[in-house]
Amino acid sequence: MENKAQEYTDLAVTYLTAYGMNVIGAILILIIGWILAGWAKKSITRVLGKSARVDVTLTSFLSSAVRYIILIFTIIAVLGKFGVQTASLVTILGAASLAIGLALQGTLSNVAAGVMLLIFRPFKLGDFINAAGQSGTVKNLGLFVTELATGDNVQITMPNSQIWGAAIQNFSAHATRRVDLVIGIGYDDNIDDAIREIGKVIEADKRSFKTPEPAIFVGELANSSVNIVVRVWTERSDYWPLKAALTKGIKEKLDEKGINIPYPQQDVHVVSMVK
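Under our numbering, the residue at position 36 of the sequence shown is numbered 36, and the numbers go up by one with no gaps.
Any given hint could turn out to be false.
Cross-link-like lysine-lysine pairs, in silico, DSS-like; alpha carbons within 30 Å at most [said to hold, decoys possible]:
1. LYS139 to LYS41
2. LYS81 to LYS41
3. LYS50 to LYS139
4. LYS42 to LYS124
Treat the hints as calculated values from the structure; they're not laboratory data. Predicted model only: the values in this text are computed from it and were never measured.
Can you make the complete structure from the sequences, with help from the hints?
Spelled out as structure tokens, the structure:
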């Protein structure tokens with residue numbers, strides 16, 4: 001019995017001697033990796049948080065991704081201390097990642113597009129945009145989808161890849177906008193009188209800018225009218241109210257001065273063939 005006890009004791013001492021340092025090393029690696037992952041997440045959050053161009057969603061995504069990457073490598077290093085073939089494990093993880101990536105190709109493209117939108121910021125929350133054939137106010141910008149609200153408050157949810165792959169019109173990007181109108185008058189009316197009266201309407205509205213100066217000129221000799229182009233600059237928030245007011249005011253002013261705004265018309269000539 002004493003010999004067997006001694007044998008078990010010697011065996012335990014051998015195992016502790018052989019694997020004790022590995023266990024201690026694995027614990028130290030795990031602790032250091034855990035601390036490093038937390039420090040990296042906080043550091044990235046702090047650095048990206050100082051940039052006005054980086055969205056909070058992107059900051060959270062990148063910091064969490066870096067933390068998990070560090071933890072994965074930490075676990076692989078710990079398994080290596082116990083003799084696990086990490087090279088094979090990395091190969092398996094790589095193959096699994098490839099298979100998952102192929103299966104989620106569309107989803108990952110939306111994530112990539114979401115990251116690009118969050119970095120380059122072609123628009124922000126509250127902007128009115130036109131993208132991929134859809135117009136609306138941006139209500140939410142996430143990693144997968146972007147939510148818009150139309151003018152009549154209908155929600156539109158669009159995959160980020162569609163938005164990033166299309167031309168984006170941002171109507172809220174600049175503080176000023178230009179109101180463009182086309183006013184048709186009759187061929188028998190005086191063009192200079194029409195331009196002068198249109199100018200009076202524009203000048204009377206305080207929402208129209210004096211600089212840049214409004215532009216009023218003949219743009220086209222159309223089939224049934226002489227088209228006068230009107231271009232007026234204003235504040236972005238006054239664009240639609242000013243456009244509506246000028247359209248109504250110009251029509252009323254031209255009617256008052258007897259300047260005709262013709263209906264679309266065609267002259268038909270009937271030729272009689274005499275035999």
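Going through the hints against the structure:
no., hint, verdict
1, LYS139 to LYS41, "holds, 28 Å"
2, LYS81 to LYS41, "holds, 26 Å"
3, LYS50 to LYS139, "holds, 23 Å"
4, LYS42 to LYS124, "holds, 25 Å"
Checked against the numbered hints given earlier, the structure satisfies every one of them.
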